[in-house]
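Engineer: Residues per chain are reported as follows:
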Amino acid sequence: MSAHDDPLWAAGTHGSEEIQRLENLLARYRHVPIAAARRATPDVPRSRWRAPAAAAVAMLIVLVATAGWFGWRLQWSPDTPWRVAETGSGRAQLAVGDQIATRADERARLEVARIGSIELSPRTRLSLLQTRSGEHRIGLESGHIRARIWAPPRWFSVELKGAEIIDLGCEFELWVDSAGNGRAVVESGWIMYTRGDQETLVPAGHWIDFTAGHAGIPLRNGADAAFRMEVAKLDLALSGGSVDPVAEASVVRQAKQSDVLTLLTLMTRHPRLAEGPMYLTVADMLSAPAGDLQHRQAWAQGRANAIDEWWDHLPRPPKQWWRNWRDALL
Amino acid sequence: MKSQAAGAALTSVRLLTFDAVAPSASHAVHACPMKSPVSPFEVARHVRAALEGSQDAYSWLYRRFAPLVHTIHLGVTTHPTAEDLTQETFDVAFARLSQLREVHQFGPWIAAIARRQRPRMSPLQVPMEEHHDAATAEAGPDDAAEAARVLNAVRTLPETYRETLLLRLVEGMSGPEIAALTGLTPGSVRVNLHRGMAMLRAALGLGGADDEVFDVRA
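Chains A and B, in that order, are what the protein sequence lines are. Just so you know, the working numbering puts 298 at position 298 of the first sequence, and the rest follows in order with no gaps. The number in the working numbering is simply the position in the second sequence, starting from 1, with 1000 added.
It cannot be assumed that every hint is accurate.
Quick list of in silico lysine to any residue cross-link-like pairs, SDA-like style, CA-CA up to 25 angstroms [said to hold, decoys possible]:
hint: 1; chain 1: A; residue 1: Lys256; chain 2: B; residue 2: Thr1081
hint: 2; chain 1: A; residue 1: Lys256; chain 2: B; residue 2: Val1191
hint: 3; chain 1: A; residue 1: Lys256; chain 2: B; residue 2: Thr1156
hint: 4; chain 1: A; residue 1: Lys233; chain 2: B; residue 2: Ala1145
hint: 5; chain 1: A; residue 1: Lys256; chain 2: A; residue 2: Ala288
hint: 6; chain 1: A; residue 1: Lys233; chain 2: B; residue 2: Arg1149
Bear in mind the hints are in silico, worked out from the structure with no lab data behind them.
Sequences are here, hints too, so could you generate the full structure?
Structural biologist: As structure tokens, this is what we get:
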């Protein structure tokens, strides 16, 4: 094969459908250039006191500016319309009660007051239900959105059929079909999926599938297919009131350290699992004392303080939303 | 839980649509036009100009070499982190530009800087397992998952094959472009591409690995 005919060597040569397919799939990870490169600071000699003094002044200015910017960013008068911008040049506004729907060849971008933005993919339909400082709410009927929010927990939420996704300061993607089935994938921070009294936390690097009547268990990105199936099987069995010791043992056996969130959620939703081997596995993963019978018993009885004690072992709980500051750089 | 009555209380529903929308750049699969390979003379000229303070030269170096730096990071961390690390790498490189002796070797030099940088990850984030990054409605969750699976498979390859293959499959570069950016010989790039592709096929459970090796030998 000559270099000219080689589809690997000469990009754009349509000689291999497989390479073309891989290229199409992976193009989503392509580098997105910023507007301009940063240049190096000239290497100018400075006196000993000048740099610390300048740094202190700069820090003070930054602190004052940040405080002002932060307050301005969070403030939003009730029912003020959101700005809508297409990826081209057109602009519009979305008021409370308005619905926006993109056609098959359209995309759109919504500014969520001043706390973030939502990108709408083609064939997406959503409504603005409420907007004011501290409470911005949309309803997603169908389609796909990517939301990037940097604000205190619960300032932004998405209403679905019989459920709600509450932003806890993060970036996430959401697919929903007209029947209310879908998936939420969290890129940074946390979300909370709520259905009635049931609350399910989903952190960065995890996703959750849901149907109109049931919320799945959050899974780590890249979790093995076999593990995913066993988790779903166990959750459905326990939700239906039956016990599946085979699935329980299989989940415990296949779980990796990075699946700790999945196991914690399973045990939180079905406290009786604390009586089995899952408790010891999670204790080991969290470096928590496994022999604390009082704690184990309290968990099996569904006591919140026992459950919270282990959730607090997680490295970045939702309350530390400000650490996802990159989501503010829109 | 907030009241869902608000949803039913919508009194007037206006439908907003747009006349024409250009696809998002980050989702455009074939948005990367073929460039001519960068020549060592061009690189040297722009490095010298940058050292003399030319902002345009800095921008040129960034535009040309950012994909190379980005793929090095993408091979070991998630897409958003790779973007951040790309900026950090250029910050470091531009601050040390005066230390670059062979000015036409900017590509290999900044690649070495990038390889020394390691991402800082939270234990809950799994650096080698990317998922659903930048999905679209056309490419739904399953396509996004498939893309993540392929990317994760590329990440398991040895560094040499991984970086060359990512430049080809993610950045859409041709063999000559990759050779010019990395400082590798065209022969090495071609070997890396084919061996990397063979390993990727094996990792993904696809056939054709032997064909790739045969192609390289031919």
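Engineer: Evaluate each hint against the coordinates.
Structural biologist: Hints, one by one, checked against the model:
1. A:Lys256 with B:Thr1081: Judged against 25 angstroms, a Cα distance of about 23 angstroms means the pair holds.
2. A:Lys256 with B:Val1191: violated, 36 angstroms
3. A:Lys256 with B:Thr1156: Holds: Lys256 (chain A) and Thr1156 (chain B) sit about 18 angstroms apart, inside 25 angstroms.
4. A:Lys233 with B:Ala1145: Roughly 21 angstroms separates the two Cα atoms, so the pair holds.
5. A:Lys256 with A:Ala288: holds, 16 angstroms
6. A:Lys233 with B:Arg1149: holds, 23 angstroms
Figure legend: structure checked against the earlier numbered hints; the only hint not met is number 2.
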